[in-house]
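Trainee: Listed below, chain by chain, are the residues.
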Amino acid sequence: MSELFVFLLFSSFMLILFSGFPVAFILGGVGVLFATLGSILVSFEIYDVAELRTIGFVANRTFSTISSYSLIPMSMFIFMGYMLDRSGIAERLIEAMRRVLGKTPGGLAIAVVLIGVVLAASTGIIGASVVLLSTIALPTMFKAGYAKWISAGTVGATGCLGILVPPSIMLVVMGDQLRIPVGDLFMGAIIPGLLLATSFVLFIFIYALLKPSNMPKLVSEEDDSISKFDIVLDISKALFAPLLLVLTVLGSIIAGIASPTEASGIGAAGATLLAWSSGRLKWLDLRIVCYQTGRSVAFLYALIFGASCFSVVLRGYGGDEVIENALYALPLSPEGILFCVIFIIFLLGFFLDWMEIVLIIAPLVMPILVNFGFDPVWVAILMALCLQTSFLTPPVGMALFYIRSAASDIGMAEIYKGAIPFVLLQLLTLSIVALYPSLVTWLL
Amino acid sequence: APVRLDIQSAWPLTLPASGQSAQHLADRLKTTSEDIKVKLYSAGKLVPALEIFDAVQQGTLDAGYTSPLYVAGRFPALQLFGGIPFGPSAIEMLDWVHNGGGLEIWRDIYAKQGVVTVPCGLMDAEAGGWYNFEINSIDDLDGKKIRFAGLAGEVMNKAGASVVLLGGGDIYPNLERGVIDGTEFSMPAIDVAMGFEKVAKYYYLPGWHQPAAVNELIINKRKWDSMSTAQQGLIEDTCRETQLWTVTSTTAANSDAITQFKAAGTEIKSFPPEVLAEFKKGTEEVMQEAASKDADFKRTLDSLNSYREKIALWSEYKGS
Amino acid sequence: MRSINSIAHKIEVISVAIGKAGSLILPLLILTILINVIMRYVFNIGLVELEEVQWHLNAIVVMSCLAYTYQADEHIRVDILHSRFSPKRRAWVEILGILFLLFPYVILVSWHAWGIASYSWSLREGSPMPSGLPARYIIKGVMALGLSLLALQGVAILLRNVAFLIQPSSVSAPSTSVNKGTFHE
Ligand code: NA
Ligand code: NA
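Residue numbers (our numbering), protein chains in the order written: chain A, 1 to 444; chain B, 1 to 320; chain C, 1 to 185.
This is chain A alone, in the form it adopts within the complex (with noise of 0.2 Å):
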């Protein structure tokens, strides 16, 4: 009987889904329908079921949310991303990249990875840095005579490092949820988002190589007559900024010396510093970034009560139980059922995005695979190098979507499969950090 009804619940989810109705309102509507269900079920002594009296348990998480004091990283993160966006600092480190690497077989795609890696270890925000990226760097890779595809499926994989790279909003969420220190998620994922960002760079030059037809070397014009000591001077100016800011925040954390929350207001006031500082914030500019942030924040906060409300319906519904009897009915070794949990991850990113996975499923199968000797911190990565994939797989790619909004010369075919090889890559080197755990770990 819980079988059904769980099925029930998360394929209604599902279904609705696609109406395009606030995924967040639907997360807890469908809840509350549910729940009403259940009361009538009682009625019909049928139980084991949410009732009514359950969502009053949804106000009383929601509060809980809110005075979470883990989650404050979230808001300031999204601040110094936004703030960082008005400072500028994206156009000219892509002008000063595109001098040294220009003549590099896919240098131009290399620098927009190098750029992206700078920009995901300033902020935690993906909608800013794939737009910021798309808007910058594609229009310079399509003049370049970049293969359209290619410039697509660079920008949004490279968008989509700062979920990975700490800091990072995705692990503050999966530190919470999951109870691990965020700490540890930070130090835990700097190896395998490196290692992710480097198979990019990997790619990209060997396919430059093999095709130079797609990715064309830059044809020198004004270039030749300036030194080499100007162009290390240039770089070396539009990265100092933001380097000692990534050095500030994520320093702080890992030395010990500040909390992760203290460390995100620390970076979210260095970024206004620092936007300040180039002349370019002005008191409007301060106020937008304030709205741009509250609005990010509460859609994000919207999806937490959501998902909370879907979350203890399913538990009243024994979700738990089906799922724990479920995966441990698998014929299987632990390291089997890891590997079906993240699979099934996986399908369920072509349609879910992220904080729903991280809202719902993570929390069910985690004490599990806990129970099972496997490190919190390893596995939290392996799902986050997962959920990486969400973002590039259709129909429900928030990547994707993203560069369509920003760059309107492009089709969404090439987008999808631009979008093919980054996932491959992605995949193996989630099976690379599979296999060798230590990449995780070496760090804590």
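Hints in this document: simulated from the structure, not taken from any laboratory.
Cβ atoms here follow ideal geometry from the backbone N, Cα and C, with glycine treated the same way.
Check the hints yourself; a few may be wrong.
Partial pick of chain C residues on the chain A-facing surface, computed with a CB cut under 7 Å [stated by the list, open to error]:
#1 N58
#2 C65
#3 K88
#4 G97
#5 L101
Please build the complex by placing chains B and C with the ligands on the supplied structure of chain A, with the hints as guidance.
Mentor: Okay, now just chains B and C with the ligands, sitting in the frame of chain A:
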């Protein structure tokens, strides 16, 4: 008529003493009664620990297995049941609650809220905490960052330490990286699950801040009234049995844990008498301040003090 | 039609004003964290109050922006099909969604939230930490208010979509979605 009782624990059901007691209670009720259908949920499954009281009060949840410390913001007086610095021993605590007037006050405070409490788990003494510095005089605490909760946290504040607010999962990494210099947690049998011996040098025993504590089963009043006298009686008796089970469930485990800490190289230390004297002075001030702010706190403290006066001679002569 | 749209407009003025005002608390939150850090690392003073102030401020930002975000149509949607729907069909999605998903959920939860807030008020509840902040009912009230405001914003969007179905020309700018407000910076 059979009654369905959904209970949520404030702790994971595998946690020694606290969570395991909730499991014990549910198991006993399942064995001894066919007409109380208990469904026990682990920590946070339905409602966060700090919100259990509200959920029971509103009737969203039938019952909660929790600590009176978690409602300190609503009813400061109840902190005195959840652990008193320099307070009575476990057996004296039980005596005060059941025979010395404690439970009457406790139930009276809840009565207006539509909640019934049944004392349901007796916790043995806690440890004095994990530290990365030696405490030889009260000055050693000056400016140190320590994670400490409740009334004892106030005492530590008065002693010059800077008290930090941290969730359970954040203590270990912050201690490891030196964000905090020390932390109070629980008794050795529970501390052992946290692995603090890997990140702290000194373990101070005994815990002056909590010689004993009582956990409670809180039940929505309407639910309670809907039960028969026999059902209510069975719950109360099972809780009394659970008190005994809890306090005896950790004795050997605490010893084993200390052996394990010693093997890991932890230095077991005790607070010097001068430091304890300062803590005691601080405790008296904190108690006076709390009593002056809240009438119920004063009433409860008076009851406790008069009980302790009444048994003073026997406590003194029996030795301990 | 004009009166329906003007009621919606009035509601949205409130949503936007509260959201914008609430999000301007962010610099204050950053400042509080900085002060906390300086107090702790320079002066060795750890104040529980100051740490509680941080999540109080963050909670105000969140709760005041819920409705504003819906007004700006920034609550995440899976728009793979939605973006290809005709405006009429999109209006139907919004109307049915609000009636059968948003309202049951948000109204029920805010009803419970008001219960929690008024109970907290009746107890004059404070922080469970003795040196924490008093008056916890205020922040619980903020939670109830934010959820109620979201429900109200739902009414506004419902009205606008109904108005659109009855008379499509009543939406002023054809380039913007019916769900999207007109208050963008
Ligand atoms: Na990042
Ligand atoms: Na996807």
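Trainee: So, for every hint listed, does it hold in this structure?
Mentor: Status of each hint after checking the structure:
1. N58: holds, 5 Å
2. C65: holds, 4 Å
3. K88: violated, 14 Å
4. G97: holds, 4 Å
5. L101: holds, 3 Å
The earlier numbered hint that this structure contradicts is number 3, and it is the only one.
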